[in-house]
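Protein sequence lines correspond, in order, to chains G and Y.
Its first residue numbered 1, the first sequence is counted upward by one per residue in this note's numbering.
Its first residue numbered 1001, the second sequence is counted upward by one per residue in this note's numbering.
Quick caveat, the hints were computed from the structure, so don't treat them as lab data.
Nothing here was measured: the structure is a model prediction, and the numbers come from that model.
Everything hinted at is true.
Per label pair, the in silico range of CB-to-CB distance: (1) G:Thr264 / Y:Gly1361: 37 to 45 Å; (2) G:His87 / Y:Ala1532: 51 to 59 Å; (3) G:Asp206 / Y:His1395: 35 to 43 Å.
By construction, the Cβ of each residue, glycine as well, lies at the ideal position given by its N, Cα and C atoms.
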Amino acid sequence: MANRERTLDPVTFEVLKNAFVTVVDEMAEQILRTCHSFVIYSRDFSCALCDANGDTVMQGSQDIAVHVGTLHLKAKAVLEDFEGDIHEGDVFAVNDPYRGGTHFPDVSLIRPVFADGEMIALAQANGHWADVGGSVPGSFDVGATDHFGEGVRIPPVRVVDRGDTRNDVIAMIASNSRSPDDIIGDCHAQIEATRVAESELFRLIDKYGKDSVVAAFGEVQDYVERLTRARLAELADGTWETVDYLDFDPGTSEGLVAVHLKLTIDGDEVHYDLSGSDPAIASFLNAGAGTAFSGAIASAKTFLPEIPLNSGFYRAVIVDVGPEGTVVNAGWPVAVTGSVSGAYEKIMNAGFELWSQIMPERAMAGCFNLEYLLVGGRDARTEGRPYFMWYDWMAGGWGGRRGRDGQDCTSPVFGVGLAVQPLEGQERLTPVLTSTHQIMPDSAGPGKHRGGVGVRKGGTLTQVEGAVMSYCCDRARSVTWGIGGGLPSIPHGVWLNPGTDEERFLGANFSGVPVVEGDAFERPSAGGGGLGDPLERDPQAVLADVEDGYVTVRRAALDYGVVVEEIDRDLADYRIDDEATQKLRTEQRTTRAGKLDEDPDAVAERFRAGELDTMDLVRHYGVILDWGAGELLPRTTQQYREMLKRRAAASWTDSSAERGA
Amino acid sequence: MATPSKPVIAVDVGGTFTDVCLLDPDSGQLEVAKVPSTADPIDGVLAGVGQAKVDLAEVGLFSHGTTVATNALITRRLPRAAMVTTRGFRDVTEIGRGTRDDLWDAYKDNAQPYIRRRDRLEVTERVDHRGRVLTELDAGELRDVARILAKREVQTVAVCFINAYANDANERRAAELLAEELPDVRISTSASVLPELFEHERFSTTVANAVLSPLVAGYVEDLAQRLRTEGYRGDLLILHSGGGVMTAEAVQRYAVRLAASGIAAGAVAARHTARAAGYQHAIGLDMGGTSTDISLIHDGELRTTNEWYVEYGHPIVFPSIEVLTIGAGGGSLATIDAAGSLRNGPQSAGSDPGPAAYGKGGADPTNTDANLVLGRLGRRLVGGGMELDHEAAEHAIRTTIADPLGLELHEAASAIIEVANANMANAVRLISLQRGYDPREFALVAFGGAGPLHAAAIAADLGIPTVLVPPRPGAWSALGCLMVDIRHDLSEMFLAAADDADPDVVEAAFTRMEDQGRALLEAEGVASDAVALERSIAMRYLGQWRSMEVAVTEGSGLDDAVAQFHREHEREYSYRRDDAPVELYRLQLTASGPAAELALPESEPDPQAAMPEPTETRPVWFDDRSEPEDTPVYARDDLRPGLAFTGPAIVEQLDTTTLVPPGVDAAVDGTGTIHMTISQQER
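Please model the complete structure; the sequences and the hints are all you need to start from.
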């Protein structure tokens, strides 16, 4: 607990605290209105006001989740490298994921703010640039195993020197990108945003005096710390543990990759311990220590949404990312750009599961995985055949909640502000024609409170040349899970030319797949996992889902044991067969636990024969295949079944549930 | 249109009150009335008219602002509606952009789409981004959809096809076929409602238009009918979100333009007050019981925005007056949070139980309680209103704020007000002043029930030198419905590099929109020589995502427009990129014409005007002073034009109290508006 003397009167304190919120929100507004990267425009950016030690005083209220908890680390990196050599009018750039950054595309511009010749603060604007080099467009190379394939690494460098812009340095960074003009534009937008913060601070200093403003930097952090500790102190002490998984390590044979989380509430503190997680893998889904820290902080913040974020929060939420060399703490030069879809995601969701036990009134099952699909190449529609990047991410389903279903079609937990792009904009800019973008029936994980529904998006390539497709996702095998008896949703993954002889399942993580004009593709975003036993779901809720097409008649019976009859499809009029429903639910209660122990080979065979489908396997049999080849993955299946028994079957109250427990 | 010599009447229906303003241009008489809003808003309208004691047969013009559309959207009391869309894109309005208003609270959901999924049907058709028809509309499928909609007894349909902004042939064909099959059903097509790029925004706006269309049309018809029964023979004008009025006929096509009608009125009234007092730049501060609406006037015009919504996730992309609403009002609650910090709002005591001083069981202190304890509010509201319970207010502040913070009672009350004022000042900063505007050039127009009580302190905080308090602050927003033009906002997408754009093509597009604008206004009775046309171009640096609007005139070249863009960009964002290519994004036209020639009553200020007798003198606490100061209280009606005085003073009237802090100079102008001059030192 901080013991700093409170020197400010309550009014000055409250006024300055709110003024700091205005400062960071003004920076955000400026960036939004002047940025060039569509990734930034879609709100993949963040702004912070840091004190002279680099600790965060205030962070933007609309900031992307994954940047949370990393901004002070980047500020400290600048202070460390330029100690004694920081001047009024300087601006620094840094993206280094091995110094607390997230991944290479997230570049921070940091401006020291001086008053009376003394550095009192750092204003930081962090944005995701569309391309920072590396071997594939968009700088997302799944196949990269070290940083050299990923993009340009920017340790703290000075880009504005006492007011003079160092265009040579900016050009050196921009020259490593496929879209140098956008990078120069974004660099300016972010530099100016930090100036907005500076002039606001000057105004506050004029009015309240430097000493008060500097005192407020500290007191606002103490305030957040007190608030956090007060909330944590209300919770019962205890230790909770779980494991979530990444799909596989390309460097070894099949098998899920564990992210282990132990969470301890001890008085007015909470401790995250990630040690025990598997070693770093041979793909770019590993997280650096900064990103792992961020995942822990973001999961805590999701359950304490009313508390503002700054370094005071990090004093009460204490994170141990474990020894270097693991999937959650990969050191240089291990590839980490995909961490946002990989380890980061798993830390957050593991956190959700444990916090759901600590605060059941805010419980939430697993959420769909962040996914980025990228098609890059030459656009042959126009002369000069310029480079294009069709860079797409989807909304999906969030986990079922206490007393209500999960949120449908929502941006990923990685950042709820990350906006889905308009396809009419995409079609102008790129030779990709979207064929469908709509809710996918049955995509939600069944539960007493089902997950939110996911989305299906497909397209066809028109006039492209030399195009390749890459996908940064996960959870084709470690399928988005339910809790407390709820079931998983559906696997992620991209299908090329679905429904044709050329059909191929490309998986949930691939890079540089050549594609040509006329190729069609489609992929779902998973729904959220269910919460509670789906056989206890109110049949009327199932009926309403059928009427709106969120659930099909067929799966209403298979997943919920509810028998629905169509009366008049024109009127969306259906009804429940009560008797048949009761009978079916009784039957399912006696048979379902046994399915989790059926011979996986036999189940896989029935899948290949068309008797069972993917949803049957991931929800009811716990069997995981290579979804394209239909080949059984035995070790993955074994791990997945253990997971399913723990999260789902153990909570069913059937007579035979002990078998699954 | 209106016959200027007859009286004109404006009625603004808000959530709580219906305000009525009656102006007689001959006698210069301005009457206001305030009645509670009613379940059927038309009852309230007529009650207000009745209270103003006006004979509708004598009225020349009836202008109206209404929340009927806003409320219908929020409460979802909407007619059975359907959407017909391109196969594969049924859920555009449900997926939206995927974002949530509250990023961290996983238990706060977006509002559901206005049309449920079961009522969104698909047909085969497709147009590409250049407007080429890739797949013709399947007429057979469309007729089958029409059959289903008839069976569902749908009253209104939104036709929303992908890329219809580039070519609406398929949409128009679909609308024709639907009209054949469903003659009594209203149809809104996306390209006719909003011919702009980006499917979610266009579809969402079109859907809002479709669901509101039968409702608003019905409302306007009913109102017109009941006004006729009462003897009214003139035109019915309705205030739209953009701050102009439209005729009842235009409302039929653009129902969604009423979605912010109720909010716009106050902003327009603020603009009027600023202009009349000779200020080209002003902030409108309309502070009521639960919230404050802030608007910005620059160069005599209100700022407008295309980025707004009634409910998050369902954008309405018609120009709307930019109004920032924050949860700060007379009833906002002061609390101490878990970490021991003093907070103010956004939670409100509302009207029931209301502030502790209302004596209706409210135990927590509000701004009203603090103002009462400080003596800034009187114990009895003028006009025989309720008696305020001083002891209850004191008790609430003492137990909730003063004791926990170790403050004296009056220090605590003062702290509550200071935090409220600082929150409002921050809101003003965020939406306006920090966009490069210099506060020293602005006036603060304070109205609403609580605005004039807080305005001087907020202005001092912001460095704004002048506060204007109009004569009838409590009902002032109704006036906004009168002081406007009939106005239409038209636009066309025009995506091209400024260097490559053909000026002739741009000119032809503007001419086309001008013809359309003129035709609309002339159909509404505006004389052709009274039509005003204003062109603007939305532009951006190539590669940017947001565009900025630059005013252009006929005959000025694109080069001028580009130069203007660089200048505006520098003013607004403090940098420019002269070497970067500039792109045109959208051409816009505003066509407007006067609804009526109106002027508010004005009398010659009398420099000799004598200070009236105070109605009472009471002790009032001001900031940083340990003792109260005996302060004269005046009745507003006693303050004659030309009067000048120096604070401390309190001015009371029917539903507003104006605070003139110590040392602040106040003067009453010819319209009865109080001007307060705030020195830079004053805080």
